[in-house]
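Visitor: Letter by letter, the chains look like this.
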Amino acid sequence: MTQPIAMLDGPLWPYLALMLFAVLPTEIWRWLAVGFARRLSTDSPLLEWVRAVATALLAGIVAKLIVSPPGVLATAPALVRVAALAAAAGIMFVDKRRMMLAVLAGETVLIGGVWLFAG
Amino acid sequence: MSVSADWSWQRVALAGMRDALMLPAWIVGFGLIGIGSLARDVGYPVDVAVLSTILVWAGPSQVLFFASIAAGAAWSAILIAIAFASLRFLPMTMAILPLLRRPGQSVWQQLILAHYVAVTAWSEGLRRLPGIAPHQRVAYFLGFANTCMAVSSIGTFAGYYLLGTLPVPFAAGLLCLTPMFFLISLMGGLRHRGDAAALILGLVFAPISARFIGGGFDLIVAGLIAGSVAFLIGRKRKPA
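Chains as they are written, first to last, in our numbering: chain A, 190 to 308; chain B, 13 to 252.
Just chain B, with the same shape it has in the complex (with noise of 0.2 angstroms):
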């Protein structure tokens, strides 16, 4: 939904809710519903599932959490694995700040943009912004974010309770939903052939990867080298 430039503040919150409850909303609070399960299954109270979820606001650094302490993992182990795993916000929160970013705009209120970086809000947001006036983004922004983070609050909520109920077919396509709408989002997103690149090399370069470098790091070293290489194409197509 396009939005106006002389629109309220109010009116741009609204069309970021409406937008996110278009679907990205729901996606996302149906991926963390296996949070709920997982946070269940090592006896912590359903309040730590939802507040992970308000919280850490990162699937992947969510499942590691819970996961690893069914595992029995060293707190260090789980603590160096959850760093690593969300090393992506590092670029991720860069390249979405400087579309969010105003004259005057406190520090605080930077940090409080960034706490809402994560795979959804993020790729929607770069694919979103650019086509907003820059001071309707941040009201946008954490309208479509804060949707976002309230459905998942209740998909969490519900999972806690409810996943270990479901059929099987069921049960697996909740969980499949989670990296379907990460490639759904990345594919939206896609400017040129830069980006294109970076996608299909990051999706090859990770199996390959986790094959042959442990301790937690393949991930972050499959997405330099693919990350590097889609930069060096894309900035092939550009007459110098």
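Excised from the complex, chain A in its bound form (with noise of 0.2 angstroms):
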């Protein structure tokens, strides 16, 4: 297992992980966007791109996490980790209201099949 730094180990030491190689990390990006949006204004061709950007990141994620899942979501076969993402997808097609329905369709066709083909 990942060892403490020994100066800083302790009861404390936890914490202090999470601050330093969780927190820091991931709030840096937010502290430096406050800076850089300042100058921008909401309709620039540059924050289109930067939505494009981060719309793609995002849409990468669920690929990454469909893909490669983690823990017990891998006892899922590939095909009805997929199958249950385009459920919920092809109702968003259909009418972007029903979130509720998509999410219990998703749901309902991963849950039934990792009982069918997994359990």
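Hints listed in this document are in silico derivations from the structure and should not be mistaken for laboratory results.
Chain A regions said to be covered by chain B (calculated; three or more residues, Cβ under 8 angstroms):
| id | segment |
| --- | --- |
| 1 | 238-251 |
| 2 | 266-274 |
In silico negatives: residues of chain B with every beta carbon more than 10 angstroms from chain A:
| id | residue |
| --- | --- |
| 3 | 26 |
| 4 | 147 |
| 5 | 158 |
| 6 | 165 |
Keep in mind the model is a prediction, meaning the values are calculated, not measured.
Every residue gets a Cβ at the ideal spot worked out from N, C-alpha and C, and that includes glycine.
Join the two chains, each given in its own frame, into one complex according to the hints.
Guide: Listed below in structure tokens is the structure:
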């Protein structure tokens, strides 16, 4: 297991590790954005580009979580994982406001699929 | 739910809380149940798990943190991986802050608003904030985001003690809520062809990029390429 840094070891180490190695590298980008965003208006092309990149990054995380899933989600066969997302996406494609129905459809496919093929 | 321009800030904040409780807060909350069980697996106290939800406020960063400790990764590698995975917050925060910015707002207020930027508050914010009067957006956003954070803290706490006791299909279903809601939120916020292109190209490029680019850079590269192509597709649509 990852060892605490000796001079900082102690019962407070988990808290310190969280601040240094999780909070700091996450929060820094939000802070930097505050500095940059002050000089941009809502409809600038640069912001449009930035938004497209952020959307693609998020879609990328979805794809990665489905292709190489964490923990017990890996027990669901790949086809079931993809089908669950496709079911949710299909409902959103027909009607954007049906978010709850989309979640229920996706979860039904996933839980049912694991039950049938991996349970 | 629509917000009338003459409402007090308290009523607007309540509308934000209600919209969060209509679904998004529950999804994030359920999505972060897994964090509790990961933290428990590495022997960290339950309050570190809950603090990670409040202070990091980014599911992927939290998964990386606890899963990397479990895998015995070096601290420097954990730091770099989380920094790369969180790079998306730079463009995301830059995209949403102009909607929340008001004359006379201090840098401190903006830093606090920026802290709440994560997938749900961001995609839901981009979708809902333009329909709300500018002077009411901060109250709405804070009501919405704090509700998501409160429900998620409870979810993380519950997961620390619960997830291992659930039957496999339900545990898998809970873990799948995270990517499912990311996708649903993105689809709900699509405005034009450029947005749709970014979504589809991102889905397609990320696994390809993961195969060819190592060291934690794959997601950034995929996002930059897919996003830039989508941006050009979106620009083409507009008459010159």
